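Enquirer: Sequence:
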Amino acid sequence: MHSDNEFFRKKKSISTQSFYKFNRFSQLVHSKKLLLKMRDYLSRVLSFNSKSSLLLMLLVFVSMLSNCDNAAGQQEKKTTGAVDIKVDTIPTLNATKLELTKQYCLENYGVASYKLDSPKIVLVHFTVIPTLKETVEYFQKDSIESSRTNISKFSQMNVGIHYIVDKDGSIYKLVPDTVIARHAIGFNHIAIGIENIAKDASDLTPVQLESNARLISLLKERNPGLEYMVGHHEYNDTTLPHYKLFLAVDESYKPHDKPDPGPRFMSDLREKLKTEYDLTFLK
Numbered sequence: 000m001h002s003d004n005e006f007f008r009k010k011k012s013i014s015t016q017s018f019y020k021f022n023r024f025s026q027l028v029h030s031k032k033l034l035l036k037m038r039d040y041l042s043r044v045l046s047f048n049s050k051s052s053l054l055l056m057l058l059v060f061v062s063m064l065s066n067c068d069n070a071a072g073q074q075e076k077k078t079t080g081a082v083d084i085k086v087d088t089i090p091t092l093n094a095t096k097l098e099l100t101k102q103y104c105l106e107n108y109g110v111a112s113y114k115l116d117s118p119k120i121v122l123v124h125f126t127v128i129p130t131l132k133e134t135v136e137y138f139q140k141d142s143i144e145s146s147r148t149n150i151s152k153f154s155q156m157n158v159g160i161h162y163i164v165d166k167d168g169s170i171y172k173l174v175p176d177t178v179i180a181r182h183a184i185g186f187n188h189i190a191i192g193i194e195n196i197a198k199d200a201s202d203l204t205p206v207q208l209e210s211n212a213r214l215i216s217l218l219k220e221r222n223p224g225l226e227y228m229v230g231h232h233e234y235n236d237t238t239l240p241h242y243k244l245f246l247a248v249d250e251s252y253k254p255h256d257k258p259d260p261g262p263r264f265m266s267d268l269r270e271k272l273k274t275e276y277d278l279t280f281l282k
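All residue numbers for the sequence shown refer to numbering that gives the first Met the number 0, where the first residue is 0 and numbers rise by one.
Rather than coming from a laboratory, the hints here were simulated on the basis of the structure.
One should not assume that every hint holds.
[Unchecked claim] When the alpha-carbon atoms are kept at most 20 Å apart in a straight line, the in silico SDA-like pairs for lysine to any residue are as follows:
id, residue 1, residue 2
1, Lys140, Lys119
2, Lys132, Asp199
3, Lys271, Asp167
4, Lys166, Thr130
5, Lys257, Asp167
6, Lys114, Val158
7, Lys101, Ser142
8, Lys253, Ser151
9, Lys243, Glu233
10, Lys172, Val86
11, Lys114, Glu226
12, Lys119, Gly109
Quantities reported herein were computed from a predicted structural model and do not represent experimental measurements.
Given the sequences, and given the hints that come with them, work out the whole structure.
Expert: Okay, here's the thing in structure tokens:
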């Protein structure tokens, strides 16, 4: 039997920490070069006794080291949100699906385009489907199952998702951030979707929570316009701020109440993003 990892075809790694480490090293090297220049300058221009010269040089040295550390510290503070994160890519798009997406957007949002230009919402789900392999196979289909009558009558386009987080925390990209996926009625035109492999809320794992936080931190870095983070169980709440962005050309195509991923997971995710990544989103 093939493992889930053997099922995938293309991998991509994303890393940002090495850049910041190199940047800080460069700052330190630059400061040391300045110190050497200062030493040479002082040795030429100072004419008073050697003890005074030595004291002054020490004071300059301490001052410049302090400035260097402060600059490096400020750089670290600015890049606190930068994280190491690996994302494996599993392509699910083809010409047929893109054409179905374009038609879906025309019929439901009034725009004949599949492009997701300015995402505003991160929308979090769990799959109900118990394994990664089954989930990917489901999303790779072009057309929605006819048995899903509550949504299939509005479009033949299959449901889709941008990211999947497996139970071990592994992250997979199925749809580019710049392409609309069908995962949230009325919000697909402005939402990036994340699915977590789980049968129900009790099946979600701590490492999935961690990976969701890391992924959302990265998405915010790439898309500064992201303002809202919403659980699928919250997306139909007309009292929440995000609901003002709801759009449906066909008024009969309405959101349905959903249980995923549940209040506890979203509460923990919001707390982790706030305390560990200094990120707060509207609901």
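Enquirer: For Lys119 and Gly109, compute the direct alpha-carbon distance and say whether it is at most 20 Å.
Expert: Status holds; Cα separation ~18 Å.
Enquirer: Taking only the CA atoms, is the gap from Lys114 to Val158 under or equal to 20 Å?
Expert: 16 Å, holds
Enquirer: Check the hint pairing Lys166 with Thr130 against an upper bound of 20 Å on the C-alpha distance.
Expert: 9 Å, holds
Enquirer: When you check the alpha-carbon spacing of Lys172 and Val86, does it fall within 20 Å?
Expert: Between Lys172 and Val86 the Cα gap is close to 7 Å, so the pair holds against 20 Å.
Enquirer: Is Lys132 close enough to Asp199, meaning Cα to Cα at most 20 Å?
Expert: Distance of about 17 Å is within 20 Å: holds.
Enquirer: Within 20 Å, alpha carbon to alpha carbon, are Lys271 and Asp167?
Expert: Cα-Cα ~18 Å, so holds.
Enquirer: Against the 20 Å threshold, does the CA-CA distance of Lys243 and Glu233 hold or violate the hint?
Expert: 13 Å, holds
Enquirer: Given the hinted pair Lys114 and Glu226, is their alpha-carbon gap at most 20 Å?
Expert: With a Cα-Cα distance of about 19 Å, the restraint between Lys114 and Glu226 holds, given a limit of 20 Å.
Enquirer: Just to be careful, I want the Cα atoms of Lys140 and Lys119 compared with a cutoff of 20 Å; is the pair within it?
Expert: 27 Å, violated
Enquirer: Holds or violated: are the alpha carbons of Lys257 and Asp167 at most 20 Å from each other?
Expert: 24 Å, violated
Enquirer: Has the given pair, Lys101 with Ser142, been kept, meaning a C-alpha gap of at most 20 Å?
Expert: The given pair, whose Cα atoms are some 13 Å apart, holds under the 20 Å limit.
Enquirer: Just to be careful, I want the Cα atoms of Lys253 and Ser151 compared with a cutoff of 20 Å; is the pair within it?
Expert: Holds, because 13 Å separates the two Cα atoms, which is no more than 20 Å.
Violated hints for the displayed structure, listed by number in ascending order: 1 and 5.
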